[in-house]
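Number of protein chains: 2
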Amino acid sequence: MTHHLPTAADVRRAATRIAGHVHLTPVFTCRAIDTRAGAEVFSKAENLQKVGAFKARGALNAVLSLDSRSLARGIATHSSGNHGQAVAYAAQVVGAEAVVVMPDHAPTVKVDAVRGYGARVVMCRQSEREAVLADLVEANAYTVVHPFDDARVIAGQGTAVLELLSQVHDLDVVVTPIGGGGLLSGSTLAASTLGIPTIGAEPVVVDDAARSLESRTRLGPTGNLSVGDGLLTGIGELAFEILSAAGTRILTVTEDEIMEATRFVVARTKYLIEPSAGTAYAAIFANPDLFRGSRVGVVVSGGNVDLAMIGTWPRTP
Amino acid sequence: MTHHLPTAADVRRAATRIAGHVHLTPVFTCRAIDTRAGAEVFSKAENLQKVGAFKARGALNAVLSLDSRSLARGIATHSSGNHGQAVAYAAQVVGAEAVVVMPDHAPTVKVDAVRGYGARVVMCRQSEREAVLADLVEANAYTVVHPFDDARVIAGQGTAVLELLSQVHDLDVVVTPIGGGGLLSGSTLAASTLGIPTIGAEPVVVDDAARSLESRTRLGPTGNLSVGDGLLTGIGELAFEILSAAGTRILTVTEDEIMEATRFVVARTKYLIEPSAGTAYAAIFANPDLFRGSRVGVVVSGGNVDLAMIGTWPRTP
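Note that the protein sequences, when read in sequence, are chains G and H.
Under our numbering, the first residue of the first sequence is numbered 1, with each subsequent residue one higher.
Under our numbering, the first residue of the second sequence is numbered 1, with each subsequent residue one higher.
Be aware that a few hints might be false.
To be verified - Stretch-level coverage of chain H by chain G, calculated; a stretch enters the list once three of its residues show a Cβ under 8 Å from a Cβ in chain G: (1) 46-56; (2) 258-267; (3) 296-310.
Unchecked claim - Facing chain G, from chain H, some residues (calculated, C-beta under 8 Å): (4) Arg115; (5) Met123; (6) Tyr271; (7) Leu272.
To be verified - Which residues of chain H face chain G? A few of them, derived with a C-beta cut under 10 Å, are: (8) Pro26; (9) Phe28; (10) Gly116.
Hints in this document: simulated from the structure, not taken from any laboratory.
None of these values were measured; they are calculated from a predicted model.
All C-beta atoms, glycine included, are put in the ideal place defined by N, C-alpha and C.
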């Protein structure tokens, strides 16, 4: 874990480093979304990214920065899902061993996908994952790629918005979900070069980031669960500093708003997005006055979701 | 309804006629699909087409061919879903009134979508839809746009493959689902210009097309239901003639195979496809010897499906 604050220049260097190992994802638009939002919404389809999520960018930037001795010992991380797949994929790219600690509530599709990239999965309780990871690292001298509180990871995540800004001009604002804050802080660095503000979208049941930035004190995770299963973690130190300095605002949304927005986007666009990604649309739909008439960039964080869950929530089949 | 046999030239003229009113849909590829198929599969994403299905093409070609007096009286059709949306959309494009007769089992999402384009919906039993439509036409002098047994509709549907052939070169075969046969016969006309054979994919529970072409006698619909809810109708006269002449083969697949393939494609590509479209992938996965090493074009017929259905089948929530 590196603790210097990443910069916009780090995002540009990350883009060069990971080029060829990530997809230049398309930007989609949808009249039904625009009509409902009263805005022009440009969606950066990171659900079509390698591993089905933007997390491939950060993990690759971190892993491609490691020296050969570190790679030979292997890589480890903890993740509720997409970051685990991303580390597994990045390790596969460089031919390194990877171990991913995952919480018991992680969707089956995400656990299977991590294994599909050849990584070992260790399951444990959400609250114990730091300790389990620490034990594994002590025993095996793995290099840890943290899901978000790492300058290289944040710089990598920012490359999605760097691309978006080259694909769509004159955006007024960029909206992304926030969990640990890697995506939002990286996006904020990237967007700052053009003076474009960012806004975070967070499930209100896990609203530590919103309360942290409001109170100017970094709070721990709420410990609650959310349909936005990628957004449960508390905001990281680096993200807190970057977002505080930028004055980035966080909008909170309910579980119902998230699932309704997720289904709306899937039904109308025919792109599968996960509820964590739906959080950004929910925030836009719930705050029409804030976005009306604007050109809004959205980072669709991922598309890894159990179809049964998205179709039947809140009635789990 | 026009009864002359459409030609490849009609498909080219249709492409010119409907240009600007339909999307030039992308072609996607997916390593997981290719690995499983042992083939290179190029998917023409008509799930991203206007109204979420290729049917926009045929309906538009038919409606844009009508004179102003016919348009002033209005347009009517019957459809289990996507064609209804397509006619409603085409009528909206030209500012004409539209009435769509739909069977009681049509997915809610499709009924809502037809209404969303401003058309009137009349619900009835699947078996009675021809009679209900006839009554409406007699009373109101509507022009009927048949879902498939119409040369202009078939020519319009063929434009998807015409585009596909300009987007991907050197295809060995094109696979599409078959219900009434509009898509498959139009695709066959388009592909024939380059000498590329077509193959149809049909749910075995509604296998009238497969049995019709094998027995060289056009059979009526089975009357069964299928998860491929767009494929219940019997093969049309024009499609039967075109496919018989071309020697097009039909592969049948089970309901389980269709749903498994549909979920596989959605989970791995992040594109929402409907089970009718999944039928084509099921046929490819079930016949590896037929496709191994080939460059296979697939027309993804549509993406209009209830998420709960796709996620939980066979347990309806």
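Against the structure, the hints come out as follows:
{"no.": "1", "hint": "46-56", "verdict": "holds (count 3)"}
{"no.": "2", "hint": "258-267", "verdict": "holds (count 3)"}
{"no.": "3", "hint": "296-310", "verdict": "holds (count 6)"}
{"no.": "4", "hint": "Arg115", "verdict": "violated (14 Å)"}
{"no.": "5", "hint": "Met123", "verdict": "violated (21 Å)"}
{"no.": "6", "hint": "Tyr271", "verdict": "holds (6 Å)"}
{"no.": "7", "hint": "Leu272", "verdict": "holds (4 Å)"}
{"no.": "8", "hint": "Pro26", "verdict": "holds (8 Å)"}
{"no.": "9", "hint": "Phe28", "verdict": "holds (8 Å)"}
{"no.": "10", "hint": "Gly116", "verdict": "holds (9 Å)"}
Figure legend: structure checked against the earlier numbered hints; hints not met, in rising order: 4 and 5.
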